[in-house]
Amino acid sequence: MSAPEKRPGRAGPRLLVTQRAQALFLERARVHADNGRVLYRTADDGLRKEYSIPHANLALLFLGQGTSLTQEAGRLLAEENVYVAFTGSGGSPLHFGALTTYTGTSHFRRMLTAYADPEASLSMARALMRIRIASMQERGCKLADSLCEMDDDRPIRKACSKFEGSLELADSIPALLGYEGDYTKSLYAAFALGSGLSRRSEFKRIPRCEGGIIGPAGDPAAVANSLIDHGNYLANGFAGAALWALGIPPHMPVFHGKTRSGGLVFDLADTFKEAYVMPTAFAAAMGRLKGDIAKSFRGKLIDEFSRDGVLACAISTLESTLPCERLGDHVMPRRPT
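Residue 1255 is where the sequence shown starts when you use the working numbering, and the numbers rise one by one after that.
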């Protein structure tokens, strides 16, 4: 991924994914095309407003509740290699990108080694976990301070150190997942305590929490659970876009279950999502973000993802952790990226 690529059917080179504006989130909007432009239309207070989407400079488009997408707009987005993710409904996430024949296959071939070889899977899983721990130590602790007003991040760092020390003890993926479960429980407890949430409500992580009311009347623990779900969907969108940009199918996980569809998306998203989603969700649940809880949470999270270049970091994570390509008994050296 060194130079913008030229393709037939369009004048001029396209921007690389890592050189584009990272993400745009829309809800209650109609996305359509007009004279080669992609536009979206909203209706507020009876007034229709129309805005342009800079699709030639966009990497990822999130379509939330109440959105529609026309065929022509979808075609233009596909031509510019914009990755589209539907989110916000609480249902199964739907992601799609263009089926281009211009993506190289070297990363895919290297991923095959990690997927098919148990030793390579475990080695790559450990490498991903180390990056995950570093992300929490470097970024998660800073956001815990700035967003959750946590004066003491020692419980977070203690959980990170304990998990890091367990990585080499794990001699299989199931053993590694056992240590990972203890790690995430420790993080939730640390954020619940440090943010003050545990003084108002008992927190227990419940995916797709049914009791959460995103508003002032909601139970903070239920609100945090609901926001974590939503944040995880957004993180999965960035991870999916990174895999798609490298030409790697999402169905070859190393530790989320070999038969789980889309498991590699979750593997990659885990390397960064906790460091951003947890502090932002707990801060929002405790009323530390201004405005509508759901909108302020989503806006803050996407801003942090974009500011820190999470998409480029996710691509770099894959390139640095993929094993060397194997052709029979011959190991191909990694190509410089």
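I should point out that these hints are in silico values taken from the structure, not numbers from a laboratory. Note that the Cβ used here is the ideal one computed from N, Cα and C, for glycine as well. There's no promise every hint is true.
As the list claims (entries may be wrong) - Computed cross-link-like contacts, DMTMM-like style, restricted to lysine to aspartate or glutamate with a CA-CA straight-line distance of at most 20 angstroms:
{"#": "1", "residue 1": "K1544", "residue 2": "E1434"}
{"#": "2", "residue 1": "K1396", "residue 2": "E1558"}
{"#": "3", "residue 1": "K1439", "residue 2": "E1418"}
{"#": "4", "residue 1": "K1396", "residue 2": "D1288"}
Stated by the list, open to error - Quick list of the computed label-pair ranges, beta carbon to beta carbon:
{"#": "5", "residue 1": "N1289", "residue 2": "E1403", "range": "43 to 53 angstroms"}
{"#": "6", "residue 1": "G1511", "residue 2": "P1308", "range": "49 to 59 angstroms"}
{"#": "7", "residue 1": "R1282", "residue 2": "R1561", "range": "35 to 45 angstroms"}
{"#": "8", "residue 1": "A1370", "residue 2": "E1392", "range": "24 to 34 angstroms"}
{"#": "9", "residue 1": "P1461", "residue 2": "E1403", "range": "47 to 57 angstroms"}
{"#": "10", "residue 1": "T1296", "residue 2": "L1431", "range": "23 to 33 angstroms"}
{"#": "11", "residue 1": "S1306", "residue 2": "K1416", "range": "26 to 36 angstroms"}
{"#": "12", "residue 1": "P1308", "residue 2": "D1405", "range": "34 to 44 angstroms"}
{"#": "13", "residue 1": "K1439", "residue 2": "G1511", "range": "11 to 21 angstroms"}
{"#": "14", "residue 1": "K1416", "residue 2": "D1546", "range": "53 to 63 angstroms"}
Status of each hint after checking the structure:
no.	hint	in the structure
1	K1544 - E1434	violated, 33 angstroms
2	K1396 - E1558	holds, 12 angstroms
3	K1439 - E1418	holds, 15 angstroms
4	K1396 - D1288	violated, 44 angstroms
5	N1289 - E1403: 43 to 53 angstroms	holds, 50 angstroms
6	G1511 - P1308: 49 to 59 angstroms	violated, 38 angstroms
7	R1282 - R1561: 35 to 45 angstroms	violated, 26 angstroms
8	A1370 - E1392: 24 to 34 angstroms	holds, 33 angstroms
9	P1461 - E1403: 47 to 57 angstroms	violated, 26 angstroms
10	T1296 - L1431: 23 to 33 angstroms	violated, 43 angstroms
11	S1306 - K1416: 26 to 36 angstroms	violated, 50 angstroms
12	P1308 - D1405: 34 to 44 angstroms	holds, 41 angstroms
13	K1439 - G1511: 11 to 21 angstroms	holds, 20 angstroms
14	K1416 - D1546: 53 to 63 angstroms	violated, 37 angstroms
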